[in-house]
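K.L.:
Listed below are the residues making up each chain.
2 protein chains.
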Amino acid sequence: MAVAIALSERGRGLSTPNPNVGCLIVKDGRVVGRGWTQKGGRPHAEAQALDEAMDRARGATAYVTLEPCFHLSPRGPRCADLMVRAGVRRVVIALRDPDPRTDGQGAAWLRKRGIAVEMGLMAEEAAAAMCGFVLRQTLGRPAVTLKLGLSLDGRIALSDGSSRWITGPDARAHAHLERARHDAILVGGGTLRADAPRLDVRLAGLEDRSPRRLLLSHGDAPEGWERIATPEDIAALAHVDHLLVEGGARTAAAFLRADLVDRLLLYRAPIVIGKGLAGIGDIGLTDLAEAHGRWRLSDERRLGHDRLEVYGRSRKA
Amino acid sequence: MAVAIALSERGRGLSTPNPNVGCLIVKDGRVVGRGWTQKGGRPHAEAQALDEAMDRARGATAYVTLEPCFHLSPRGPRCADLMVRAGVRRVVIALRDPDPRTDGQGAAWLRKRGIAVEMGLMAEEAAAAMCGFVLRQTLGRPAVTLKLGLSLDGRIALSDGSSRWITGPDARAHAHLERARHDAILVGGGTLRADAPRLDVRLAGLEDRSPRRLLLSHGDAPEGWERIATPEDIAALAHVDHLLVEGGARTAAAFLRADLVDRLLLYRAPIVIGKGLAGIGDIGLTDLAEAHGRWRLSDERRLGHDRLEVYGRSRKA
Chain A
1 MAVAIALSER
11 GRGLSTPNPN
21 VGCLIVKDGR
31 VVGRGWTQKG
41 GRPHAEAQAL
51 DEAMDRARGA
61 TAYVTLEPCF
71 HLSPRGPRCA
81 DLMVRAGVRR
91 VVIALRDPDP
101 RTDGQGAAWL
111 RKRGIAVEMG
121 LMAEEAAAAM
131 CGFVLRQTLG
141 RPAVTLKLGL
151 SLDGRIALSD
161 GSSRWITGPD
171 ARAHAHLERA
181 RHDAILVGGG
191 TLRADAPRLD
201 VRLAGLEDRS
211 PRRLLLSHGD
221 APEGWERIAT
231 PEDIAALAHV
241 DHLLVEGGAR
251 TAAAFLRADL
261 VDRLLLYRAP
271 IVIGKGLAGI
281 GDIGLTDLAE
291 AHGRWRLSDE
301 RRLGHDRLEV
311 YGRSRKA
Chain B
1 MAVAIALSER
11 GRGLSTPNPN
21 VGCLIVKDGR
31 VVGRGWTQKG
41 GRPHAEAQAL
51 DEAMDRARGA
61 TAYVTLEPCF
71 HLSPRGPRCA
81 DLMVRAGVRR
91 VVIALRDPDP
101 RTDGQGAAWL
111 RKRGIAVEMG
121 LMAEEAAAAM
131 CGFVLRQTLG
141 RPAVTLKLGL
151 SLDGRIALSD
161 GSSRWITGPD
171 ARAHAHLERA
181 RHDAILVGGG
191 TLRADAPRLD
201 VRLAGLEDRS
211 PRRLLLSHGD
221 APEGWERIAT
231 PEDIAALAHV
241 DHLLVEGGAR
251 TAAAFLRADL
261 VDRLLLYRAP
271 IVIGKGLAGI
281 GDIGLTDLAE
291 AHGRWRLSDE
301 RRLGHDRLEV
311 YGRSRKA
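Going down the list, the protein sequences come from chains A and B. As numbered in the UniProt record's numbering, residues 1 to 317 make up the first sequence, in order. As numbered in the UniProt record's numbering, residues 1 to 317 make up the second sequence, in order.
Watch out, some of these pointers could steer you wrong.
One copy or two, either will do: identical chains are not told apart, so a pair holds if it fits within one copy or between any two.
In silico EDC-like cross-links for lysine to aspartate or glutamate, where the CA-CA straight-line distance does not exceed 20 Å [unchecked claim]:
(1) Lys275 x Asp259
(2) Lys275 x Asp28
(3) Lys275 x Glu207
(4) Lys275 x Asp160
Just so you know, these hints were derived from the structure itself, not from any lab.
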């Protein structure tokens with residue numbers, strides 16, 4: 001299942017309007033098919049993996065990060081049907097599909113056709129990989145990552161606004177990779193005016209993965225940009241399941257104040273800036289006790305001289 | 001030698017005016033004596049270790065973090081002499097004593113008396129453990145640690161100054177342990193007025209390790225405090241080899257601006273504060289390029305929900 005989840009990551013930022021599912025088909029201890037939801041949502045991961053497996057799928061086990069779909073669509077076949085027709089013997093599912101058109105019916109259909117079904121293996125990890133889809137289903141909005149490039153003392157620029165460079169090339173390359181994993185990137189009007197960022201993916205081979213560009217502003221958006229007026233407006237964005245917020249401090253604060261940040265991506269350089277611009281503006285905090293218990297470290301690594309820390313929003317189950 | 005260095009840490013913050021040396025005596029693969037420089041500098045580590053070893057020191061190997069002293073003192077015997085008299089066969093030394101009264105003469109004396117001497121084993125680690133003594137010898141001032149308790153976004157308090165609590169009990173206990181490892185603690189006038197900190201060591205069994213209290217201020221110091229007017233004045237402080245600077249932002253910035261910080265001790269809580277007080281004020285930085293290459297991560301660990309990061313000042317050799 002861990003491999004299937006890794007495969008699902010390949011579709012992150014590409015697969016909307018469909019969830020970025022991963023699928024692995026194993027026969028006699030050998031991998032015979034691998035799939036992940038393709039650009040625009042089709043083919044589905046299961047279809048692609050079964051396609052690769054061909055008749056080796058007969059009697060095999062399929063690992064799939066989301067319950068195979070059961071609903072009829074003009075865009076393609078039902079994956080539960082495909083599994084039956086291919087002769088798969090056992091289907092291991094991480095996450096039950098919360099979409100009411102499937103929601104257990106895919107698994108029930110498989111069982112009715114004599115296929116062994118297990119559900120729940122690594123469900124939490126699969127949900128994290130498909131967080132945009134899950135939040136869209138549960139909270140009706142995309143998953144939001146807030147990215148900051150910081151000094152040890154939390155500055156994102158000198159007082160004059162200069163921020164080239166705080167982090168080194170490895171951290172910046174990683175940040176571009178993160179861009180490719182999102183459907184859209186958002187900045188505020190101040191950042192747009194000050195930095196005129198391109199927000200594209202400048203990594204060899206991934207140039208066409210550059211996401212849509214969004215602006216949080218009450219003014220007009222320039223050519224090639226879409227505008228929203230408030231953080232809450234992200235709920236209405238079509239085909240955006242994974243949103244990356246890149247700054248500046250007022251925009252970051254606006255999303256935090258609205259409790260619309262699910263993940264903090266902190267690139268921290270081993271430098272001290274002292275007087276300078278803070279990364280996060282007023283989030284309306286008046287009591288320190290309320291700040292605690294909201295964030296949990298989920299990943300950390302060294303990137304050259306810098307350090308990446310990833311924090312996830314703690315939510316009561 | 002690693003054990004001898006660990007022993008030397010026990011004297012840190014206690015041994016001035018003498019260096020915090022550690023000594024281990026090994027005979028036939030067994031430890032027969034352990035010593036570290038005691039409070040106020042006497043007895044020396046070697047004297048204590050030989051005392052414990054008694055006649056088992058004959059034919060033994062002594063590991064000592066600093067070259068045994070050779071100069072005559074009214075306060076105690078010469079350690080090189082003690083080694084010879086005890087019949088030690090081999091002495092392994094980490095660091096040559098830069099004090100001109102010894103500076104190689106201790107080792108030469110041992111060799112003349114037929115003792116095998118090796119010098120340089122783990123010299124860097126030993127120098128780090130005795131950094132206050134080494135900097136006193138090389139730069140004529142104590143080793144300075146700057147401690148900060150920070151949020152993810154580099155804040156040390158809300159805008160109204162409230163900072164209880166940013167870090168949790170484990171981090172605060174660790175910070176008290178660090179106090180016990182320093183000869184003196186310094187804060188600025190603003191912190192004294194705002195927080196009236198006690199700066200004592202509130203750890204069971206270590207209450208009597210509370211260091212001297214220093215104030216960086218142009219005004220008067222209250223009862224129980226000593227005052228200095230500028231960061232550079234630390235060079236004139238008697239019996240202070242290890243100094244801990246605890247804030248606030250202007251004091252931290254003053255020491256950083258004077259390039260008088262050797263070690264950053266950052267306790268970072270997994271919280272976002274947003275608008276609030278920064279940990280470090282204006283350090284006079286005008287070019288980001290100049291901020292780089294100064295700090296290197298030397299230690300990191302989790303302390304409850306918080307993270308400790310220790311950065312050492314990079315110096316050209």
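K.L.:
Each hint should be assessed against the structure and marked as holding or not.
P.N.:
Status of each hint after checking the structure:
1. Within a single copy, Lys275 and Asp259 get their C-alpha atoms only as close as 28 Å, which misses the 20 Å cut-off; across copies the closest is 16 Å, which meets it.
2. In the homo-oligomer, the alpha carbons of Lys275 and Asp28 never lie at most 20 Å apart, since the shortest distance is 62 Å inside one protomer and 59 Å across protomers.
3. Taking the shortest alpha-carbon separations for Lys275 and Glu207, neither the intra-copy value of 36 Å nor the inter-copy value of 37 Å comes in at or below 20 Å.
4. Taking CA atoms no more than 20 Å apart as the test, Lys275 paired with Asp160 passes in both settings, with 10 Å inside one copy and 19 Å between copies.
Of the numbered hints listed earlier, those contradicted by the structure are 2 and 3.
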